[in-house]
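Asker: The sequence shown runs 49 to 505 under my numbering.
Simulated from the structure, these hints should not be mistaken for lab results.
Since this is a predicted model, take the numbers as computed values, not measurements.
Treat the hints with care, since some could be wrong.
Unchecked claim - Taking CB as the label site, the calculated pair distances span:
(1) R426 - D476: 46 to 56 Å
(2) G271 - K89: 24 to 34 Å
(3) K232 - K111: 23 to 33 Å
(4) N414 - K232: 51 to 61 Å
(5) Y202 - N56: 33 to 43 Å
(6) D295 - L62: 50 to 60 Å
(7) S130 - D258: 43 to 53 Å
(8) G289 - P114: 39 to 49 Å
(9) F328 - K188: 44 to 54 Å
Stated by the list, open to error - Once the Cα atoms are required to be at most 27 Å apart in a straight line, the calculated BS3-like pairs of lysine-lysine come out as:
(10) K442 - K383
(11) K228 - K262
(12) K465 - K412
(13) K465 - K483
(14) K326 - K383
(15) K262 - K229
(16) K111 - K193
(17) K412 - K442
(18) K117 - K185
(19) K453 - K495
(20) K89 - K326
Built from N, CA and C at the ideal position, the CB exists for glycine as well.
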Amino acid sequence: MRKQPQINVPESVLTICRTLHDHGFQAYVVGGAVRDALLGKSPTDWDVTTDARPNQVEAIFPKTIPTGKQYGTITVVLNGQSVEVTTMRRDAHYSDGRRPDYVEFASDLSADLSRRDFTVNAIAYDPLTEVFYDPYKGIKDLRRKVLRTVGDPYQRFSEDALRMLRLIRFSAALDFRPDKKAIKGIQPSLIVNVANERIREELSKLLLADSIAKPLELFYTSGLLEKIIPELAATAGINQGSNHVWDVLGHSIMACQAVKSKLHLRWGALLHDIAKPKTFSQDEDGIHFYGHDHLGAEMAEEILRRLTYSNKIQAQVSLLIMHHMYQIHPHSSDKAFRRLIHRVGVENIYDLLELRKADVLAMKHNPRQVLTYYQLMRARVEGIIAADHAFNLKDLAVTGSDLIKELNLTPGPIIGKILDYLLDQVLDQPELNTKTDLLTLANRYLKDNLPATDGGS
49 MRKQPQINVP ESVLTICRTL HDHGFQAYVV GGAVRDALLG KSPTDWDVTT DARPNQVEAI
109 FPKTIPTGKQ YGTITVVLNG QSVEVTTMRR DAHYSDGRRP DYVEFASDLS ADLSRRDFTV
169 NAIAYDPLTE VFYDPYKGIK DLRRKVLRTV GDPYQRFSED ALRMLRLIRF SAALDFRPDK
229 KAIKGIQPSL IVNVANERIR EELSKLLLAD SIAKPLELFY TSGLLEKIIP ELAATAGINQ
289 GSNHVWDVLG HSIMACQAVK SKLHLRWGAL LHDIAKPKTF SQDEDGIHFY GHDHLGAEMA
349 EEILRRLTYS NKIQAQVSLL IMHHMYQIHP HSSDKAFRRL IHRVGVENIY DLLELRKADV
409 LAMKHNPRQV LTYYQLMRAR VEGIIAADHA FNLKDLAVTG SDLIKELNLT PGPIIGKILD
469 YLLDQVLDQP ELNTKTDLLT LANRYLKDNL PATDGGS
């Protein structure tokens, strides 16, 4: 027990603790909220532990939600804020490495804290007395920026194998150093017991952290990467030639660190060279990875599907990887830039530039020159988009209905073929995007191609 500076607990949380106390129960703020508050952050979620049983919590508070009642968790809604109130528990047996076989409620705070994953998450705070309960020296570990398990790492990870990933994720999110014993306690084979949905959530939180290079290295050296994304683990040790400092895996990690903290961008950077082991070749001209962009897009989509990511994320990442080798530079023609924007979409072009910039920053190049280069690239793209050119079919000055009406055509595949032709012409010459010019071009297309089509009348 030790006194520390007061934590600014929200009034609703304080009221919940006071109400439980008035009914004869213990109540403490626990977990991530205490940790983050001690680190000077503003917690978004507040958790309370109490010796009151779930039914008693429901009886005390007028508005509750049985969020996880079977595990002792009731969400109390007070003044518009939702607070999870969980009955104290003691350790139970975990036979599947995922969840306890049964839940045993307790009335002892020390028993509840003893079952938690890391010491920095095993700190309790009584907002009524302003006293901290820290039996595992979590506050000291916060000061030292160290991640230690509560008790034996092997046992903690055996109880819930996801904790191994949480160790890596917290090391990234908090910028803390994992304890050597904790690292040694990682048992990669146990991760197969964890549902892909839970793994996905941890990986997303990991990739969105600020400092991810060292945690991602630990992800590999711990053996967990081999179990979760073996395709990425296979890129370790793949030499890339004189333009690179790192092997493929190291390069991918550094690119991931360099790119903006957006989930699809981080995944795009991490997986952009995923196909290099399968496309490796070497001759007198050096090392080559022909087609790794196209194959990599397919592989990345499959990996993300396996990890249960949304179709949207899969498509975004696949598109970025597919085009990360597209040949274009600041002095390319406007036509080349328009065609690239057409291929990836206005909504994706800046993300593609961001990925390409990170890719080059993770190579053997002068960072200042790289940043200047991509400032010029961005300026070119901004100028072309500002010119309000047509980049897709909906931007054309004519529609399929216009073609049917003005050219007396019958609805059918020919309409799509004409529109594709018109867009191709407009990408080369934007000034042609007028109704008159496009109808003229459409007539010309029909004269040249009508004998080979079954459309028209």
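Asker: Any hints from earlier that this structure breaks? Give me their numbers in increasing order, please.
Answerer: 1, 3, 4, 7, 8, 12, 14, 16, 17, 18 and 20
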